[in-house]
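If you follow the hints, you should be able to join the two separate chains into one complex; please do so.
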Amino acid sequence: MGDCEQIRRQLADYCVGGMSRRRRARVAAHLRACASCGAELEALERTGAVLEAVGVEAAPDDWERVRQQLCARPRQRRRPAFRVAWGVGMAAVGVVLLILGGLVLRPGDQTALQPPAVSVDTELRGTMEDHLSAVWAAPLADEAAVGLRLAELDEDG
Amino acid sequence: MRVIGVALAWVICLCGSAFASAPRDAWEQVWRSDAATRGLSLSGVARTTVTAERSSAASRVGEERERSALARVSVRDGKMRLDYEAGSRRWSLIDDGRSLVRLNPDRKQALVLPRPSLAVDRQLAERNYEAVAIGQATIAGRAAQIIEVRARRPAPRPTDTPARPGTARPGVIWRLWLDQETSFALKRERYNAEGKLTSGTEYAEVEFGARVDSSIFAIPDGWKVVDSDGGGEPLSTAEMDRRLGFPVLPPGYVPPGYELTGGYLRERGRWEFRAAELRYTDGLRVLSVFQRERERAEREGRGGEHVRGRGHRGERGRGEGNDRGGGDEDRGRRRGHDGEGDQGASAGRRERGGSGPRGAEEMTLVDRGSEKALHYLGAERVVVVIGDLPAEELRRVARSVGR
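Which chain is which? The protein sequence lines are A and B, in order. The first sequence finishes on residue 171 if you use my numbering, and the numbering steps up by one all the way, no holes. The second sequence finishes on residue 614 if you use my numbering, and the numbering steps up by one all the way, no holes.
So here's chain B without its partners, still in its complex pose (with noise of 0.2 angstroms):
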């Protein structure tokens, strides 16, 4: 009996450790991974593939396209350069540390972005999410684990977005092709939080330990220079107040597990507003809430004119009354695209809602992938909330601005 009781012992305590490792083994891969991507020198070409869904007049819900490059990619020191190539067009993307440039041969243009350095909070990241092994596979002629990375607390499907065909279990926010030698991802998958596949990027080859020259990281000479003019140092919120001559105001509501690393500042810049972001992450994902003061032509009624933009031909919209809180999303799409054809990215659904004076209050969304956006025009202010989330969260957190 005394035999039998410790060899029960010994299996369970063996069984325990087992599946006390699998989870923290894969962590561990997975943080390696992060690692590597920077830590090594390689030079690799991969296919990426991105989808997004475009509205267009002709159909209520959004239209899904698909695009695709080849990318050559070089690492060294930290450093990451990328070249583009999609049909005939050609660009390239460098990542020097501190910068993203991007550069335009045709136009022998470089457009310079600052690169945040977002800390790897590796515990809230934990927190929020879990990592599995679910199989091994051959990307780029090596061997590879496969980890699952899923939200911990799976978004809500939608209650305005009906199922649709081949859509992955939600929860599930990356597959990783993880090579068994270097932990460097081989291939990515990328899902949004309605569990849909969003990008994907595969090396088809890659070498370890390639020479790579340094000098590929810098801006061509005689280029000419474009400051973008957004994000930079993380400000305090006083700073930010001071700058902008407006209070900067929190949302009421951020959805559970996110957390804010910081405030920034967007001056004028190529896109020609200004407004104050707070940045919030879960650890892996990003959410942004950017808020400026409605212009006087804005208030004063022009409102529906300046919102136009391109494309759009909301004033139709306006004139039909859905004062209503909450919106009505479907309404908003019937409405908001008078325009013909395909109308660019960044037409989206309008919705017109809320419980203030007609024309108060009106959104836009915009799904760009793994990425939507929402605008929302407000009584005084503008918000701009962009993240993973599902729309209905989006506009909670934009209408919480302040409250």
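Pulled out of the complex, with its shape left as it was, chain A reads as follows (with noise of 0.2 angstroms):
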């Protein structure tokens, strides 16, 4: 589980491609492995692409305030630690708005946010959960081998 929640902080980087060959090697590999994560990516590019077609743009009235605005500053020397604080940063508002965007411009359209796939294994055990259950209500149940089989899959995998 730890794996999963450091790969999916990454995910933006790998997304826009701002991070180095190696993480990107490792991050990949991670999700040919792993279902749940290879489906968030999915959803985050969705919500990217639903973005591009929309062609969100500012006005170029303001673009050009902002130039003038830059340019009449003195240029200030940062220090790199500075500069890669200010990268992630940006990369983090990038991806609230990619996600609001989602929600926002598209709002009939569920599927970038359906939660991944559930594996086999999950859904094997949420439904034996639930059979033995209603085992256990049935007539002549044998209520102690019953309870000793629920607590078999939360120990089991």
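Because the hints were derived from the structure by calculation, they are not lab data. Positions of the beta carbon are idealized from the N, C-alpha and C atoms, including for glycine. Just to be clear, a hint being listed does not mean it is correct.
[Said to hold, decoys possible] Some chain A residues close to chain B (C-beta under 8 angstroms, calculated; not the full set):
(1) M142
(2) H145
(3) W150
(4) P153
(5) G161
Spelled out as structure tokens, the structure:
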């Protein structure tokens, strides 16, 4: 579970190609093995595609004003660490905007927000739990044995 | 001659009534036992053992494993609490009549499962089973009558499973040692559809009329409560369709003797998936048929990765085509396990088959002793069938959903 959390934090960078080759290879290897993280990536990519299709652009007047302001400021040296933090912060903001864009621009399209597909293992255990609850309530049920089987579901895997 | 005739008729009547009452007496004892389980106030200690088959990469045929625990049992006012000990593990289970609550003392967590209220259909049970008294014994120092409950239609031995030594006669589902005074089951043995012993519980000590504190059936203060979100009240098909957003389809085939008891909705809950459940019973056994629509990721060819799950490397299997209908369980067994060592009880035999395009249909079978679960990945729908049935029957039910 710890691996998945780490990988998911890096998916935004992975999406936009903003990471080293070595890190990218590590993330790609995990995505090949993990359907859950793979589906997360897919959702991010779909949201990005939605925004591209809509074509959100800033008003030209605004850009011109900003450009003039930037040119007017004296250049300041920034420490490399600040640049990295700045880059990460902008990437995070970008991800939030992408997700919000998917929510706001296409409210009817829920496919981008579909939860990841469930694994066979999880599905078997979840359904077995429901089934055993019914077996517990059936006539002649051996409650002690059924209870032991229910506990196995959490233990196994 | 007349005297002889009368005497003969009297003897015939006596024998007839004896034969007629024996099965009736046995069933009466069985039903009294079922009622006694919750109607009494008792405290006891029992040892319970369950067996299941665990498939591993190392063997083609599933390895059997046995689990055992000591359970302290308390019953009062229709509620039951079991406090388990298995080695260093401790946990408890409470049935308060509305829910099943699993208490994990290590995490101070209470997992709440809905407890269905299955109406006892005695006529259905007696149509499908017979109860026979086979002897007497002493359990926990008390005299007990032994009753066998047998299926009237024993399941045929599966063609793909060789006979194993020690397999009991197919047809016997329960052996019950019923206390002669209270009809409480002092010992039980459960056999599966193939006649194999899959669980047993025997009381080492029991005290009827014991003083049981009612506070033990409540969740302790300050514990985290987790709702499993499955089961619940039965719903109509229309309500399930509306809440799930897709039509719930009944199976075209249900084994003889089984009748529908209701439909249930599994919300996301702790397992993070939604599915509809159609539940069937033959009076004693339960058959559950779960279904959900395949999600887009599964339909768009990511199914191989999706179904991999824990310990599976089914991708290797997918490259080796077996598109003949009906599946080949042996081939699936050799192919489906690429993991190392024991993969957990949910790892099962993987099969490929069906008449559709390659990858359209895939099945995973897990044997948990008295209950087998078949996960069926169809073209449009995922179906999970769970019950005490031979694998072929489970497959037949799964494939018939919506047909």
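Okay, the hints, checked on the actual structure:
{"no.": "1", "hint": "M142", "verdict": "holds (6 angstroms)"}
{"no.": "2", "hint": "H145", "verdict": "holds (4 angstroms)"}
{"no.": "3", "hint": "W150", "verdict": "holds (6 angstroms)"}
{"no.": "4", "hint": "P153", "verdict": "holds (5 angstroms)"}
{"no.": "5", "hint": "G161", "verdict": "holds (4 angstroms)"}
Checked against the numbered hints given earlier, the structure satisfies every one of them.
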